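Enquirer: The whole structure should be built from the sequences, with the hints applied where relevant.
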Amino acid sequence: MGFFDLINPLSYVTPVHADEDEAEKVEFVASDPVEEESTEEEAEVEEEEEAVEEEEEEEAVDPSEEIKRECGETLHCKSLKHHLDECTARVEAGASESCAEELLHFMHCVDKCAVPQIFAKLK
Numbered sequence: 596m597g598f599f600d601l602i603n604p605l606s607y608v609t610p611v612h613a614d615e616d617e618a619e620k621v622e623f624v625a626s627d628p629v630e631e632e633s634t635e636e637e638a639e640v641e642e643e644e645e646a647v648e649e650e651e652e653e654e655a656v657d658p659s660e661e662i663k664r665e666c667g668e669t670l671h672c673k674s675l676k677h678h679l680d681e682c683t684a685r686v687e688a689g690a691s692e693s694c695a696e697e698l699l700h701f702m703h704c705v706d707k708c709a710v711p712q713i714f715a716k717l718k
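In case it helps, our numbering puts the sequence shown at residues 596 to 718.
Please keep in mind that the hints were generated in silico from the structure rather than gathered at the bench. Here the structure is a predicted model, which is why all the values come from computation and not from measurement. One or more hints might be untrue.
Here are the simulated distance ranges between beta carbons [to be verified]:
id : residue 1 : residue 2 : range
1  : A646      : I713      : 36 to 46 angstroms
2  : K707      : E641      : 41 to 51 angstroms
3  : D706      : D680      : 15 to 25 angstroms
4  : L717      : H671      : 21 to 31 angstroms
Glycine is no exception: its CB is placed at the ideal position from the N, C-alpha and C atoms.
Expert: Structural data, given as structure tokens:
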């Protein structure tokens, strides 16, 4: 073995010949009972884990959406929502303005009201 054989990355790869019978390889893998049993057990364990995850997902409810909706209906935020609705109506009628300022004012009002309530409900 020469110097170039040592540094050639392909010298470590074992050659595969097309003459080899693929059926024997497949038959060997399929006839291994230990792998079949472990595969079935793994499938059962995965199904159980998925069921537990689904139950946990169903239990978790995000209260922030309800809190934000309630805050959007407060007296101060309602007036900002009214300005946003008026701007939206003007834009839909063809006005060339953006309602970004009105939207930001409304969202700021909702967030200012909702954040303390949301943090109070965190565990």
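Enquirer: Next, verify each hint and record whether it holds.
Expert: Hint-by-hint comparison with the structure:
Taking the beta carbon of each, A646 and I713 are about 30 angstroms apart, not inside 36 to 46 angstroms as hinted. One distance hint, 41 to 51 angstroms for the beta-carbon pair K707 and E641, holds here, with the actual separation near 45 angstroms. Between D706 and D680 the CB atoms are about 19 angstroms apart, so this pair conforms to the stated range of 15 to 25 angstroms. Remark: the range hint 21 to 31 angstroms for L717 to H671 is upheld by a beta-carbon distance near 25 angstroms.
Hint 1 alone, counting from the list given before, is not met by this structure.
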